[in-house]
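**Student:** Listed here are the chains, written in short residue letters.
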Amino acid sequence: MEREPIVTFANWGNYTIAFKVLFESLGIRVVLPEKTNPQAILEGAKISPEMFCFPFKVNLGNYLSAIRNGANTIFMVTATGGSCRLRYYAVTQDKILKESGEKVNFIILDQGVRDIFLKVKKFSQKSIWQILRAAKLCLEMLFFIEKIEKKAAFLRPREIKKGKTDLVFSEAIKKLEKVKKEKDFKKVQKEILEEFSKIEIQKISNLPKVGIVGEIYTVCDPGVNFEIEKKLGREGIEVHKEITLSYHLSKKFLFVDWRIQRKIKKYLGSTVGGHGRDAIYEMLKYVKKGFDGVIQLLPAFCMPETTVRPILEKIHQETGIPFLSLSFDEEVAEAGIDTRLEAFVDVVKNYHESKKS
Amino acid sequence: MNQKSLKTYLGIDIGSLTIKFVLIDEKAEVLYWKYERTGGRPVEAIKNGLKKVKDWIESHNPQIEICGVGTTGSGRYLIGSIVGADVIKNEITAHAKGVTHFVPEAKTVIEIGGQDSKIIILENGVVVDFALNYLCSAGTGAFLDAQAFRLGIPIEKFGEMALKSKNPTQIASRCSVFAESDMIHKQQIGHKIEDIIAGLCQGLARNYLAGVGKGKKILPPIVFLGGVSENVGMRWAFREALGQEIIVPKYNTVMGAFGVALLVKEMAPQNTKFRGFEISDKEIECDSFQCSGCPNKCEVIQAKIEGKIVARWGDRCGKWSNLRYD
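As you go down the protein sequences, you meet chains A and B in turn. Position in the first sequence (from 1) plus 4 gives the number in this note's numbering. Position in the second sequence (from 1) plus 400 gives the number in this note's numbering.
Any given hint might turn out to be false.
Unchecked claim - The following label-pair restraints were derived from C-beta to C-beta distances:
no., chain 1, residue 1, chain 2, residue 2, range
1, B, VAL577, A, GLN206, 49 to 57 Å
2, A, GLN206, B, ASN671, 20 to 28 Å
3, B, PRO462, A, SER174, 51 to 59 Å
4, B, PHE549, A, GLN206, 53 to 61 Å
5, B, GLU523, A, ASP119, 51 to 59 Å
6, B, VAL577, A, GLN129, 54 to 62 Å
7, A, GLN206, B, CYS686, 44 to 52 Å
8, A, THR323, B, GLN587, 48 to 56 Å
9, B, ALA428, A, THR323, 31 to 39 Å
10, B, ASN671, A, LYS182, 17 to 25 Å
11, B, GLY718, A, TYR92, 22 to 30 Å
12, A, LYS360, B, PRO554, 33 to 41 Å
Unchecked claim - Derived EDC-like pairs (lysine to aspartate or glutamate); straight-line CA-CA distance at most 20 Å:
no., chain 1, residue 1, chain 2, residue 2
13, B, LYS697, A, GLU175
14, B, LYS617, A, GLU334
15, B, LYS447, B, GLU666
16, A, LYS235, B, ASP715
17, B, LYS697, A, ASP170
18, B, LYS719, A, GLU231
19, A, LYS235, A, ASP333
20, A, LYS353, B, GLU666
21, B, LYS434, B, GLU556
22, B, LYS697, A, GLU317
23, B, LYS617, A, GLU317
24, B, LYS719, A, GLU322
25, A, LYS166, B, ASP715
26, A, LYS154, A, GLU198
27, A, LYS359, A, ASP333
28, B, LYS697, A, GLU38
Keep in mind that the hints were calculated from the coordinates and are not lab data. Even glycine gets a Cβ: it sits at the ideal position worked out from N, Cα and C.
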């Protein structure tokens, strides 16, 4: 007997709900994985090969929590180009799940519009028009989430009542999660923006600024990076990040790699896979813009980011901008990260002050 | 007699193996300092330590008044909330603060403690770069301790033995487990014990420079701190490896506590949050529970004095830690 497909996918920070709306507006049932928490990380790491990259293990932990709640179909993207292990994520995860006795249908999407479209069409049995509308809603929600993330990063160091921004933000995500139709989305968007505009802030223009670079999954998932944006924000630091999902999507169309390569020629002559080049490019940009610090986030064993780390260190030595590289995996304790962050915040503030005089 | 009370500031640095107390006056002169092992019981250690501070005050100068308390080290939050700290600061900033008081021109600080080792790069007395050991604690105090114990040499004599060596043995010291096997091996093929110890010191210095110090601009003056800086063998090994003079200032083992005491002094709190020396006689308890408010499932830790909760921490959202507990 054919079972009703219940779809799930890996958790990815605040973006997860945008993928939920994609499937739900096509009439497909979705069970979201639990937000990435220590339990998911532990469970995923248990069945993963020890030396595989960290996101791989977290993904598996996510699937397991969703499977427990009834999911039976997993969608996972893979990288067709580039040279990093993301290419093997989906097939290896599929194999591991099957070997651990989970009866799931694992659907692998190439990172290409055509492949995604064809597979979603086959799966949902919906018309082109319906799929396009669902995709539009998904993208719109994605852009909106990135927009409020940016807003929150701006408001956090300035808010008068401490913690207010995070409260509004988490309420906003909860509201967005309930959205099923385009019509609701418009209304919810308006409500959320109104809430954000109600946050009282101090008018400060010259705050210390820190740019976050690194591996996209680690940078964008607060569950993996121990909410680094929030922590820095509470310390009165304005956090910027460029490496978001929409940035990654834009790379497919706008010759971004070609433009980046021209700018980083002095440091690196070709791609090293993943977003290695982008990290160098962003760091140089933050230096130019007069930022007060750069943090690189990477999962342990991430090949591209490990390769560019010495280059980032070199830029730090040349320019004097404070630099911190944090690598994450299931063995890393939050206390260790916090100590480094606290010390780094002091360094950043000193640097900011020294520039004034 | 001097009727006016003497204003003082107390700095406490609680590390993985030891606890350090430093009491300074308004002129930043050290009145009292103490370096002790915690024996793995930080709460007991703080109670005993405070008792000793109190006894010292009563026997030396009862006019002393504690006007501020600061904590640092890996247990800073726990101890900070128990004693009621005015300043809770990370150990990097605290050490840098302390060092620049004694060696204002210092450019590099090497600090090796019980389970961690760090490097701090200073420019004009301000931290510009730092690194902590990562994934591995080879070459820290705990390992040297274990080796001294294994060889039956008191840890205090360990360094002196290294200096007697004329021909240090090469020891593989990338990893402390392998270093130990290599040491045993070298013993069994007949190397002299002081040569092995000297070789170990060299290996650990090399390991530190390759791991923690990698990619950092190590410029003189170089200051060496932490429990391991007491070890003359390690001082010698760093001098050899870097080809530079190694400065070991006064109060080298309690610099973090001194630094945080200085920070409190500079902040000069109007009313200190210090709970008083009475807490060493009170019952202090810590336990934890898992919050089930959201999928984050944070492990929330709570500290209780006489059964009354004084602080909670460990939650991401601030639901527990932001509550008022007084």
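**Student:** Next, verify each hint and record whether it holds.
**Tutor:** So, going through the hints one by one against the coordinates:
Separation of VAL577/B from GLN206/A is about 53 Å and conforms to the stated range, judged on CB atoms against 49 to 57 Å. The hint said 20 to 28 Å for the Cβ distance between GLN206/A and ASN671/B, and at roughly 26 Å that hint holds. Restraint check, PRO462/B to SER174/A: a C-beta distance of roughly 53 Å satisfies the suggested window 51 to 59 Å. Look at PHE549/B against GLN206/A: about 56 Å separates their beta carbons, and that is inside 53 to 61 Å.
For the hinted restraint 51 to 59 Å between GLU523/B and ASP119/A, the CB-CB distance of approximately 53 Å keeps it satisfied. Distance hint check for VAL577/B and GLN129/A: the Cβ-Cβ separation is about 58 Å, which falls inside the suggested range of 54 to 62 Å. Between GLN206/A and CYS686/B, the C-beta spacing of about 37 Å breaks the proposed range 44 to 52 Å. For the pair THR323/A and GLN587/B, the beta carbons lie near 49 Å from each other, so the given range of 48 to 56 Å is met.
A beta carbon spacing of about 35 Å between ALA428/B and THR323/A agrees with the range 31 to 39 Å that was offered as a hint. Distance hint check: the CB atoms of ASN671/B and LYS182/A are about 48 Å apart, inconsistent with the given range 17 to 25 Å. The hinted window of 22 to 30 Å between GLY718/B and TYR92/A is violated, with their beta carbons roughly 39 Å apart. Separated by about 52 Å at the C-beta atoms, LYS360/A and PRO554/B break the suggested range of 33 to 41 Å.
Under the criterion of a C-alpha separation no larger than 20 Å, the hint pairing LYS697/B with GLU175/A is consistent with the structure, at around 18 Å. For the hint linking LYS617/B to GLU334/A, the alpha-carbon distance of about 31 Å lies beyond 20 Å, and the restraint is violated. Note on LYS447/B and GLU666/B: the hinted pairing is violated, with a Cα-Cα distance of about 26 Å set against a maximum of 20 Å. Taken as a hint, the LYS235/A and ASP715/B pair is honoured in the structure, with Cα atoms around 12 Å apart against an allowance of 20 Å.
Only pairs whose Cα atoms come within 20 Å are accepted, and LYS697/B paired with ASP170/A is accepted, the gap being roughly 17 Å. Between LYS719/B and GLU231/A the alpha-carbon distance is near 15 Å, which keeps this suggested pair within the 20 Å criterion. For the suggested pair LYS235/A and ASP333/A, the alpha carbons sit about 19 Å apart, so the restraint of at most 20 Å is met. Simply put, LYS353/A and GLU666/B have alpha-carbon atoms about 17 Å apart, close enough for the 20 Å limit, and the pair holds.
Of the pairs offered as hints, the one joining LYS434/B and GLU556/B holds, with about 17 Å between alpha carbons and a cut-off of 20 Å not exceeded. Distance check on the hinted pair: LYS697/B and GLU317/A sit about 36 Å apart at the alpha-carbon level, beyond 20 Å; violated. A C-alpha spacing of about 11 Å is found between LYS617/B and GLU317/A, which places the hinted pair at or below 20 Å, so the restraint holds. Proposed proximity of LYS719/B and GLU322/A is contradicted: the alpha carbons are some 43 Å apart, above 20 Å.
Under the criterion of a C-alpha separation no larger than 20 Å, the hint pairing LYS166/A with ASP715/B is consistent with the structure, at around 16 Å. Of the supplied pair hints, the one linking LYS154/A and GLU198/A holds, its CA atoms being roughly 16 Å apart against a limit of 20 Å. Using a Cα cut-off of 20 Å, the hinted pair LYS359/A and ASP333/A is violated, with the two alpha carbons roughly 35 Å apart. Our distance criterion of 20 Å between C-alpha atoms is met by LYS697/B and GLU38/A, whose separation comes to about 11 Å.
Consistency with the previously given hints fails for numbers 7, 10, 11, 12, 14, 15, 22, 24, 27, ordered from lowest to highest.
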